[in-house]
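Enquirer: Here's the letter readout for the chains.
Protein chains: 2
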Amino acid sequence: MTGFSFAVAATDGAARTGEISTPRGTIRTPAFMPVGTAATVKGVYCDQVRATGADILLGNTYHLMLRPGAERVAALGGLHRFMQWDRPILTDSGGFQVMSLSQLRKLDPDGVTFRSHVDGAMHRLTPERAMEIQGLLGADIQMQLDECVGLPCTDEDTARAMRLSLAWAERSKRAFEQQPKGRAVFGIVQGGAVEALRIESARALVAMDFPGYSIGGLAVGEPQDIMLRMIETVAPELPVHKPRYLMGVGTPDDLLEAVGRGIDMFDCVMPTRSGRHALAFTRFGKINLKNARHQDDPRPLDETSDCPALRDYSRAYLHHLIRCDEMLGPMLLSWANLHYYQDLMRGARAAIAEGRYEDFKAAAKAGWARGDLPPLG
Amino acid sequence: MTGFSFAVAATDGAARTGEISTPRGTIRTPAFMPVGTAATVKGVYCDQVRATGADILLGNTYHLMLRPGAERVAALGGLHRFMQWDRPILTDSGGFQVMSLSQLRKLDPDGVTFRSHVDGAMHRLTPERAMEIQGLLGADIQMQLDECVGLPCTDEDTARAMRLSLAWAERSKRAFEQQPKGRAVFGIVQGGAVEALRIESARALVAMDFPGYSIGGLAVGEPQDIMLRMIETVAPELPVHKPRYLMGVGTPDDLLEAVGRGIDMFDCVMPTRSGRHALAFTRFGKINLKNARHQDDPRPLDETSDCPALRDYSRAYLHHLIRCDEMLGPMLLSWANLHYYQDLMRGARAAIAEGRYEDFKAAAKAGWARGDLPPLG
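Residue numbers (my numbering), protein chains in the order written: chain X, 58 to 434; chain C, 58 to 434.
Chain X extracted, bound-state conformation:
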């Protein structure tokens, strides 16, 4: 196949399961995309990531444009070859991290100028440059440049940023037309926590006819109910035959709630970041391996898992590795968490296909609520 396409195979309420087809491979949805910030999913080999069931990775334009630089990655054969991942890659536009990480930034209608958090050098992103960088990286799915405001935010600022993002959406889409066939660019719905602005944003983007739509500006610290209300507001505005990507989300609970509201794609650093901080996401809920209760426990995190990180190593060993600050601790827990996130997506896809998504979601939540295994006799 040579193009980019999306087909919904089954729905269950608002939840959908299907496949995104790209020249580099198929993405089963709902899909969770592990984050390979700086051309590596922190502490995990690409073949492990793939074995967890990931069909696509996310790369961060902001990080990659600073180090090693988009032109350098292109000269080295593109991001896929650089990091040894031959399946689809989605890149963000850099806009979000310009806001959250750069030391100094100045926004104007044409773009944003900022100082690198790495070495203090000045850089500029415009919609055109954002697409150029993502093109140089070779991303299969690219994001328009947007302006992302933090929450809470005044309605006025939210509206201004949303309308600037719409103008940049048009310019991004036009600039993207230079790129090889088979790639896609997504528009990003903004509008903060204001329903009317979210609807205005979604309708304007749909009128531009993007191959897919992201919901941005959420998971920035707001309560979950606001995030879910925004999804409920936006999703019905989006065409059913285009993928919907909720950016930067989230906890296992966030994922299941968002899938139930019609979201197809997610990315989040949580599985790997938590793994580096001794936290494991499991069907028993979140487990803190730093806790001394694990120090004599011969049981693995989940003996029923088919992931070696969850199945083969005792809690006592994981606790020991963390206590000794051994690299293998974060390596194993990041791997385990990525596997659990993919397990959730596998479970969601199967449940939607069989029309039992609400039961699946309730069972997962009940497992988390029951909590961890009781201590051994």
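A hint or two may mislead.
[What the hints assert, rightly or not] Rough simulated footprint, nothing fancy, chain C against chain X, three-plus residues with beta-carbon under 8 Å:
| no. | region |
| --- | --- |
| 1 | 87 to 97 |
| 2 | 126 to 133 |
| 3 | 346 to 360 |
| 4 | 381 to 387 |
Just so you know, the hints here were simulated from the structure itself, not pulled from any lab data. Glycine included, every Cβ here is placed at the ideal spot set by N, Cα and C.
Position chain C relative to chain X; hints supplied.
Expert: Showing chain C alone in chain X's frame:
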């Protein structure tokens, strides 16, 4: 097979190749043992370590007795199960690291009392307790407790420590008799840089009839020629049908020189420690991946290697990972270095079997002397 045995299959000058048989598997000699200090080879999965060709790992009694504790490891099923390595493990006695790491130590004829570098708690090692700990860990090859002096050292101190080590050798051997069949304990030749003391130590240990002999107290900062002279002094005193283990050595050059003088076993943290510091050992010599000369280089460290870490990732990518302080950098370089060390041992074994060891050694050294690949175009 149920016992511990060693058979020399071929010799070439003083160099030997053969096999140590243990109930947990065969160790092809000359053998390099990766160091799994705290029940993990830092940054490398056990299945990767095995795939490099390692037949045996080393564990550090000092580290393991402090964290997680020998009794705890035993209750969890032993060190092999704890760290998911089912082949042979050799443990040191803890003596060396009591001297080099503990904050305070008091030696008496019966043993040594020391303060943990981790939490300040007081601990005691005697020959009997050192064997008990190694037995609890389940080590296949164990070391007598010894006193290791730094170099340079007065002859008087060297002699005193060597004779104390001989007394502890007898006690260690006696205490070891409690343990299951199929395990082995090695005596450790001491004597600093004093030939007469080395000979006295070796002869006394040989009279005790150990299943194998270590040469300790070297690789503690002395010039290579002193180390090699001590090997030349000791090796002829040792029975040809028992394995000879040079503790804590060394660089690739040290290994080839020592193999040429009849050494069968080595351990060293150098491959993993150097890997964590951006250094790769290759057939082109030592390569510093921090160097900006690699930043645009699409070539792998060694395209002819069958190790993915050496073959599949560009120097530009490795440089990028190190520059961004990404875990995958140390992970890949530690893996690559362990593979190169095993490549050297593979090459040495084949060369000895074919009577061309001197040529093999000369070719390896010539490769290192030629240095790294010239820059591209």
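Enquirer: Determine for every hint whether it applies to the structure shown.
Expert: Hint check:
1. Closer than 8 Å: that is the beta-carbon criterion, and the region 87 to 97 of chain X has 3 residues meeting it against chain C, so the requirement of 3 holds.
2. For the region 126 to 133 of chain X, the assignment as covered by chain C holds, since 3 residues bring a beta-carbon within under 8 Å of that chain's beta-carbons and 3 suffice.
3. Using a Cβ-Cβ cut-off of 8 Å, 3 residues of the region 346 to 360 of chain X lie near chain C, which meets the minimum of three, so the contact claim holds.
4. Closer than 8 Å: that is the beta-carbon criterion, and the region 381 to 387 of chain X has 5 residues meeting it against chain C, so the requirement of 3 holds.
Checked against the numbered hints given earlier, this structure breaks none of them.
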